[in-house]
Amino acid sequence: MNITLKDSRRLRVGMVLLAGVIMASPAAAQTGIPVKVEMGDVSINKIPFLIALDEGLFAKYGLAVDMVPFGANAADVHQIKGREKHRRDIDADIRVGGGAPMIVGRANRVKPSDDIILATTDHIVHWDIVARKGIESLEDLKGKRISYSGIGACSHYLALLIAEKMKWDPERDIVLLGGDYSVFPLKNGWTDALIAYEVPFAMARAEGYKSLVNLRSWNAPIACSGVTASRAWAAKNRETVISFLKAVTEAIAMMKTDKAVAFKAIEKWYGFTDSEVKQIIYNGSAEMERKPYPAIEGIKKAMQLYDSAAMRRFKPEDFYDSSYMKVLDGRGFLDKLYGAIPGKK
Numbered sequence: 001m002n003i004t005l006k007d008s009r010r011l012r013v014g015m016v017l018l019a020g021v022i023m024a025s026p027a028a029a030q031t032g033i034p035v036k037v038e039m040g041d042v043s044i045n046k047i048p049f050l051i052a053l054d055e056g057l058f059a060k061y062g063l064a065v066d067m068v069p070f071g072a073n074a075a076d077v078h079q080i081k082g083r084e085k086h087r088r089d090i091d092a093d094i095r096v097g098g099g100a101p102m103i104v105g106r107a108n109r110v111k112p113s114d115d116i117i118l119a120t121t122d123h124i125v126h127w128d129i130v131a132r133k134g135i136e137s138l139e140d141l142k143g144k145r146i147s148y149s150g151i152g153a154c155s156h157y158l159a160l161l162i163a164e165k166m167k168w169d170p171e172r173d174i175v176l177l178g179g180d181y182s183v184f185p186l187k188n189g190w191t192d193a194l195i196a197y198e199v200p201f202a203m204a205r206a207e208g209y210k211s212l213v214n215l216r217s218w219n220a221p222i223a224c225s226g227v228t229a230s231r232a233w234a235a236k237n238r239e240t241v242i243s244f245l246k247a248v249t250e251a252i253a254m255m256k257t258d259k260a261v262a263f264k265a266i267e268k269w270y271g272f273t274d275s276e277v278k279q280i281i282y283n284g285s286a287e288m289e290r291k292p293y294p295a296i297e298g299i300k301k302a303m304q305l306y307d308s309a310a311m312r313r314f315k316p317e318d319f320y321d322s323s324y325m326k327v328l329d330g331r332g333f334l335d336k337l338y339g340a341i342p343g344k345k
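Quick note: the sequence shown, position 117, residue 117 per my numbering, numbers continuous.
Hints are supplied without guarantee of correctness; some may be wrong.
[Claimed, not checked] Here are the simulated lysine-lysine pairs, DSS-like style, with alpha carbons at most 25 Å apart: (1) Lys291 x Lys264; (2) Lys60 x Lys36; (3) Lys133 x Lys167.
Derived from the structure by calculation, the hints contain no laboratory data.
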């Protein structure tokens with residue numbers, strides 16, 4: 001596989017285009033029930049939402065979606081020029097991002113929240129560990145620096161999972177450094193290893209790094225990317241939530257049954273034209289459920305990894321509501337999406 005430095009630069013440029021294009025598609029230009037949606041990051045798990053936008057699926061189900069992309073945070077992390085102009089704050093109705101960070105945030109913030117997970121598009125650990133030269137195995141990471149984005153984030157969750165798997169004390173046996181989950185700290189010698197999902201992994205490959213290990217073989221649960229909202233808002237806008245999930249699950253079906261649709265979205269939004277790079281990103285969707293119920297086992301695992309007096313105030317069901325997905329499933333909507341290809345995930 002030949003991924004060039006040009007591809008890495010193209011990714012950074014593509015992220016700028018992503019912010020600009022989404023923001024150029026305001027809900028005001030659409031008809032339907034207005035819904036404000038905030039995207040938390042850039043990954044294959046966000047592609048179904050972009051497909052739903054591109055293919056008119058939100059409009060098909062009566063929604064006028066105003067979607068704010070990763071914007072400031074991901075642009076900052078990946079050192080994109082001109083990122084200031086992409087900053088825009090909205091009071092989002094629906095957020096597309098990590099379930100684990102939401103759980104940890106709710107447990108540890110003083111201000112109460114009723115945010116819950118409505119659907120999970122990333123329920124199984126499948127990220128890669130990328131390390132500097134000289135590190136040949138997970139065992140070699142003991143005592144080394146590992147970078148992640150923030151406390152409670154999916155990358156931090158995975159760092160704790162690795163420590164648990166290796167029987168390490170995460171505070172004494174490894175050095176966890178937060179604030180940047182891109183390839184740049186590795187390039188600059190600030191860290192020894194990166195826990196990388198598809199996009200930073202593609203960037204790392206472009207810089208000549210290889211995967212130390214892919215964590216798919218662990219088959220470990222996670223409540224990473226998905227759909228979250230206030231429990232009260234969702235209950236008050238139940239049919240709107242169901243319509244939103246219809247659009248997203250149809251987009252997942254399109255992505256899974258027609259790779260070209262996913263490749264088109266990856267190229268448009270992320271700026272990649274190289275088919276091998278697009279394949280790396282697309283590979284991250286292999287475990288994405290066609291019925292993306294909230295990842296209950298991942299929620300339980302997050303509560304265990306972040307066990308504390310603060311976390312013990314909650315029960316797993318405080319963090320999710322499966323009833324919206326059950327409505328779609330009960331109506332046969334999800335099975336009909338895959339009717340022509342039985343057994344396809």
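Now the hints, each set against the structure:
no.: 1; hint: Lys291 x Lys264; verdict: holds (23 Å)
no.: 2; hint: Lys60 x Lys36; verdict: holds (17 Å)
no.: 3; hint: Lys133 x Lys167; verdict: holds (24 Å)
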